[in-house]
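So the sequence lines, in the order shown, correspond to chains A and B. In terms of the working numbering, the first sequence opens at residue 592 and continues consecutively. In terms of the working numbering, the second sequence opens at residue 5 and continues consecutively.
Hints are computed from structural coordinates only; laboratory data are not their basis. Do not take every clue at face value.
Below, computed lysine-lysine pairings styled on DSS-like, alpha-carbon distance capped at 25 Å [claimed, not checked]:
#1 B:Lys23 with A:Lys851
#2 B:Lys34 with A:Lys956
#3 A:Lys725 with B:Lys19
#4 A:Lys724 with B:Lys34
#5 B:Lys34 with A:Lys962
#6 B:Lys133 with A:Lys995
#7 A:Lys725 with A:Lys869
#8 A:Lys869 with B:Lys19
#9 A:Lys960 with B:Lys34
#10 A:Lys665 with A:Lys601
#11 A:Lys945 with B:Lys34
#12 B:Lys133 with A:Lys869
Computed Cβ-Cβ distance ranges for the label pairs, DEER-style [unchecked claim]:
#13 B:Lys34 with A:Thr608: 53 to 61 Å
#14 A:Glu941 with B:Asp76: 29 to 37 Å
#15 A:Arg970 with B:Asp76: 25 to 33 Å
#16 B:Glu18 with A:Cys976: 22 to 30 Å
#17 A:Lys962 with B:Arg131: 47 to 55 Å
#18 B:Val9 with A:Met998: 18 to 26 Å
#19 A:Met998 with B:Gly66: 34 to 42 Å
#20 B:Lys34 with A:Glu802: 30 to 38 Å
#21 B:Ile97 with A:Gln801: 39 to 47 Å
#22 A:Asn903 with B:Leu134: 36 to 44 Å
#23 A:Gln801 with B:Asp93: 53 to 61 Å
#24 A:Tyr772 with B:Lys34: 17 to 25 Å
#25 A:Asp813 with B:Glu18: 48 to 56 Å
#26 A:Thr608 with B:Ser129: 53 to 61 Å
In this text, a Cβ means the ideal position worked out from N, Cα and C, and glycines have one as well.
Letter by letter, the chains look like this.
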Amino acid sequence: MMGKDAHAVKVRADRCTGCTRCMQSCPTEAIRVKEGLAIINAARCIDCSQCIESCPFDAHSIDSGSLEDIKNFKYTIVIPAITFAAQFSGGPKIDVLCSALRKLGFDLVFSEGLAVDYLKDRVREIVVNNQVKKPIISSHCPAVIRLIQTKYSSLIDHIMPTGSPVDIAANMARNLIKEKYGYSDSDIGVFYLSPCPARITNVVNPIGMQESAINVTIPIKDVYGDVLRILSGMKEPVSEFSNCMKPENLPWAEVGGQAKMSGVDNYIAVSGIHEVAKVFDQIEMGELDEVDFIEASSCTGGCVGGPLNIENPFVAQRNIRRLAENSSQGYFQMIDSVLAQFKHIYLTEEISPKQTNILDEDFTKAIEKMKQIEEITSRLRGLDCGSCGAPNCRALAEDIVQGKARMEDCVFYQEQQHLWRLEDESE
Amino acid sequence: MTEEVAASFDYEIEKDDFKIAGSASSHIKKILKQLGLPNPLIRRASIIAYELEINLVIHTFGGSMRLEVHPDRIVILTEDVGPGIEDVDQALIEGYSTANDKAREMGFGAGMGLPNIRRCSDDFSIRSKLGEGTWIRSEIHVG
Ligand code: SF4
Ligand code: SF4
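Between the sequences and the hints, there should be enough to build the whole structure, so can you do that?
Now the structure itself:
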């Protein structure tokens, strides 16, 4: 299993060709290619999945759990991510979908969307009452929070203090079952069907909370086939508590959904980690002080764009619209009374900066290193070709100054040295 | 000041190039972060750099910007090739702007520029000559 500093995304040495594409796409320059293999620097990785998306050889694996883990618990709850229901274009009804999930072996299906009911009002309140520095940045996407931690630490004060729906839902479900059936915490297994590696990492290595209420995360794509097979033999829902999702909360997973559902008007909804970074740059320049709310998602299109989904995000959005329109109400009324008293909506732990780019703790030494970097960069070609195993010439210069690479790693420098040697010999 | 370590960075800024306006100040921000300076200081320096850069794009025929990092201070300097400011004192008053229509439509030039820069600086000086150009020096103390 993963340790405290670990991330869900791993490089598969058997498939990686060292092509450098992932290295060029990583927003935090976390990847270097050494001897034909991509290596991820865990301190810099924010779990944005750009590397997975850009890899032509499918050379990444996800460190996650599986349905096998069900047997380790006395009572199991499954929380399908909001995007789960959007993966089925055939149009199964929500209650049928939830029944299919139960058939995988879970005792209870509890939707991430149920937490949205509680969350959206808090979000509006916090925005309207100016409880946080504006523009307030949504805390929904863990990859975005990690981007702030590593590259935009001045924006930590702008983060919405609420937790994300899945963590709220996991706590709700856990409390519900403890109260209702008297199970102890260790008896209960909370499983999450995740659209992204960011959420998987966040369970083992949580930010903003001491501990995750989730035990096991499984990629949506890993259960998709099983669910599809179950669905093909099922027309009607099979259990009394089968309607666990509120279809009208599904749009939370698409870009702009959080702002619209919370009733915030003056917002920017940005998606795609590189675009998010550009907006954060603008906030830091003081350009967006007049904006109330920034809904930022690492994945293009919002969570429907998560790499562990099956369906194309644009088709998924249409599926969400269809489900929301045909919403069959009457979901899960029995838990309303428990939920009404539910209070665990806020992040409990401080989010601390994680500046991995600082050249030196000592300011004078840092200036000295900066000068060396400039000097080396000016001697490099500036092609950012990546052949050296660093994402661009400046990054190589930084690595050289930090003792992690050598001038000889640059192919042009080697060539030049070679030419000089030949000249010397011919003289 | 002879023996001290200092790093400097130079940027050329073109008139009316709104598309890349902000890239010099982004670079400056990135450098200050790598140097490990405290956030509030970086924030001030970024705002100064950005306002200065936008000023060059909107109000001048182009010019240059320079960042100097010394152990005890950050200095940002700009120099342009005209047209110069007619009344410097007035330009330092909040709300006063000479931004042209094109700039206003893009949302720039609300007249916050110079007063904002002065407010964020620990030390600020400006010199301008009509028909020649403007020199601005903004300094932030470190530590
Ligand atoms: S998940 Fe994102 S941050 Fe991590 S290595 Fe891949 S591209 Fe870089
Ligand atoms: S946008 Fe959603 S799916 Fe993508 S990384 Fe963030 S939380 Fe995960």
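Which of the stated hints cannot be reconciled with the structure, identified by number in ascending sequence?
Going through the list in order, the structure violates hints 1, 3, 6, 10, 12, 13, 17, 21, 22 and 24 and respects the others.
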